[in-house]
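Enquirer: Turn these sequences into a full structure, and let the hints guide you.
First to last, the sequence lines map onto chains P and F.
At the far end of the first sequence sits residue 97, using numbering that gives the first Met the number 0, and the numbering has no gaps.
At the far end of the second sequence sits residue 387, using numbering that gives the first Met the number 0, and the numbering has no gaps.
Read the hints as simulated data drawn from the structure, not as lab findings.
Check each hint, because a few of them may be wrong.
As the list claims (entries may be wrong) - Here are the simulated lysine-lysine pairs, DSS-like style, with alpha carbons at most 30 Å apart:
hint, chain 1, residue 1, chain 2, residue 2
1, P, K54, F, K107
2, F, K11, F, K163
3, F, K163, F, K209
4, F, K151, F, K209
5, P, K65, P, K54
6, F, K151, F, K216
7, P, K54, F, K151
8, F, K305, F, K11
9, F, K216, F, K107
10, P, K54, F, K305
11, F, K305, F, K10
12, F, K151, F, K305
13, P, K54, F, K10
14, F, K71, F, K119
15, P, K54, F, K216
Keep in mind the model is a prediction, meaning the values are calculated, not measured.
Chain by chain, the residues:
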Amino acid sequence: MIRVVLPYHLRNLARVDEEVTLDVPEPVTITATLDALEARFPMLRGTIRDHGTLKRRPFIRYFACKEDLSLEPADTVLPDAVVAGTEPFLVVGALAGG
Amino acid sequence: MSSVRVLVGTKKGAFILTADGQRRNWQITGPHFAGWEIYHLKGSALDPNRLFASQSSGWFGQIIQRSDDGGKTWNPPGTKPEDLMGPDGMPNGKSNEFRYEGTVGTHKWYDGTQHPWEFKRIWHLEPSLTDPDLVYAGAEDAALFHSRDGGKSWQEFAGLRGTKGALWQPGAGGMAVHTIILDPQNPRRIYVAISAAGAFRTDDGGLTWKPINRGLKSQYELPDPDAEVGHCVHRIALHPSRPDVLYMQKHWDIMRSDNAGDQWSEVSGNLPTDFGFPIDVHAHEPETIYVVPITSDSLHYPPDGKLRVYRSKSGGNDWEPLTKGLPQQDCYVNVLRDAMAVDTLDTCGVYFGTTGGQVYCSPDGGDSWQTIASHLPPVLSVEVQTLP
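Expert: Have a look at this one:
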C-alpha cells in the first residue's frame, strides 16, 4: 500500500485524514500514484494536476524521503521506501512567502 | 412568515446569514470552505435550496460546490457513487474542468502582444430561471460556460470570445466575465459584462453575441473613447419587469440603456463621483437604483471617508445620499461589484458587503442601515434569497 499525505485543504475537500493509503499498480510512479489518488477521490482532479495536460499545478510540490520530486519526470518511480510503505509520498502546497 | 438568506462570499470562506422578515436579528453560519476564496454563491430561483458556490485557491485551482439543502451540506457535483467513474475507468471529477472550446486563441496582453486564453477561476455563477440543472459560469480569462447537469460538467459558449476577443485586454484585476444577467422574459437573451472588454448580448441562447457598448465613453482608458470593445464595465443590473432597461456602473460613469444595450446614455447626474463597482435595482420600483460612489480609480475608498449609498428614484441623474447607520468618518473600505443585492420582501431590503468585512442591510429600501456582520474577511460577493 502506498501512503500519501495531503495538504490541509485537500484533506478537507476529500474528507479524509492527513494520510491516505492506496493500491497503486507497479511500477509505482508519480503518475500512477496520482492516478490512483484521483480515482479514489475524484474531487481532487484538477487540484494537484491540471485537467487535460496532467501537469503539476505551479504551487504544488511532491516530496518523498526528504527529496523534492516536483521537477522529476512524471514517470519517475518513487523511492523504495515509499513503494514498501515505510515512507509516505507527500503532496505539499508550496510556501507562499510573505 | 417570510425570511431571508444572505449568501456572502469572502477571501477566506463563505458565510450564510439568516433572519426572519423583520431583518433585525441575524444568525451567521460559516465559514464554509474555510481558507478558500469564495468569489460567488448563488441560489436557484426555481429551487431555493439548491445553491452553487465558486471556490478557488492559488494553490489548488477551481472547485465548484453545490448544496441541495440550503447550504447545510455541500458537495462538488458529480461525486455521488454512481457518478464516480467514466466509461474509460477514470474518475469523472469534471465539475471543476473548464476547457475552452476549439482552438483556444489569443487576446491582447499588457505588452501589446497576443496571449493565449488561460483559465484561472470562476467569478460568477448564475442559475437558470427555467431549469434547475442549468447554470452559467463567468470565467477569468473571460469566457462564459454553462452546465446542463447541475454543475457536473461544463461547456463553453465560444461565440462570446469570437466577438473581437483578440482585442480584449486584462485590466489590473484580470479579465473576467463577472456579470451574467438572464432576461426573465426571454430565455434566449443573456447579457454579460467583462473587464476590460465591455458588455455583450446574445439573443439565441449563447451561440452568437454582439457587443453592446454604443454610447459608452472611456476617454481615460482607451485611445478611442467610443471603441466598440475594450470598455471597463464594472456591473450591469436590470429590473425583471422591464428587462430592456439596463443600468450600468462603468469604471467611471453611471449609464442607462432603454433598448437592451443597443444605446447607452450617462445618468451620473449629481453624484459626488461616478466611479464605483456595484449597481442594483429596487425589487418593486424599476426606476429606483443604488450605487456606492468610490473616490476614483486611484483611490478605491469612499470620498471623505464617508460610506454612502446613493439612491436615484428616477432611473438616474437625481441622486440622494443614504447615510443613516453607515460610518460617516474614517471609513476606507471598498464595495466590490458582486457585493450588493436586494431582497423581494414588501419593503425591499438592500444589502452590501465591504472589503473591510462588514455586511450591511437596509430593511427599508435604503433609508436606514444596520450592520449584520462586522468582522468577516474581505467580502467578494453578496446574494440574497427571499424565502417563503
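Enquirer: Given the proposed pairing of F:K305 with F:K11, does the C-alpha separation stay at or below 30 Å?
Expert: holds, 26 Å
Enquirer: Quick one, are P:K54 and F:K10 close enough, alpha carbons at most 30 Å?
Expert: holds, 27 Å
Enquirer: Holds or violated: are the alpha carbons of P:K54 and F:K151 at most 30 Å from each other?
Expert: This hinted pair holds, its Cα atoms lying about 22 Å apart.
Enquirer: Measure nothing beyond the straight line between the CA atoms of F:K305 and F:K10; if it is 30 Å or shorter, mark the hint as holding.
Expert: Between F:K305 and F:K10 the Cα gap is close to 24 Å, so the pair holds against 30 Å.
Enquirer: Compare the distance between the alpha carbons of F:K11 and F:K163 with 30 Å, and conclude whether the hinted pair is satisfied.
Expert: Violated, at about 35 Å.
Enquirer: Within 30 Å, alpha carbon to alpha carbon, are F:K151 and F:K216?
Expert: Roughly 40 Å between the alpha carbons, so the hint for F:K151 and F:K216 is violated.
Enquirer: Is the Cα-Cα distance between P:K54 and F:K305 30 Å or less?
Expert: violated, 48 Å
Enquirer: For a C-alpha distance cap of 30 Å, please report whether F:K163 and F:K209 respect it.
Expert: The hint holds at about 9 Å.
Enquirer: Holds or violated: are the alpha carbons of F:K216 and F:K107 at most 30 Å from each other?
Expert: Status holds; Cα separation ~20 Å.
Enquirer: Taken at face value, is the distance from the CA of F:K107 to the CA of P:K54 at most 30 Å?
Expert: holds, 25 Å
Enquirer: Do the alpha carbons of P:K65 and P:K54 lie within 30 Å of each other, as the hint requires?
Expert: holds, 22 Å
Enquirer: F:K151 and F:K305 were given as a pair; does the straight-line alpha-carbon distance stay at or below 30 Å?
Expert: This hinted pair is violated, its Cα atoms lying about 44 Å apart.
The structure does not agree with the numbered hints 2, 6, 10, 12, 15 stated previously, though it agrees with the rest.
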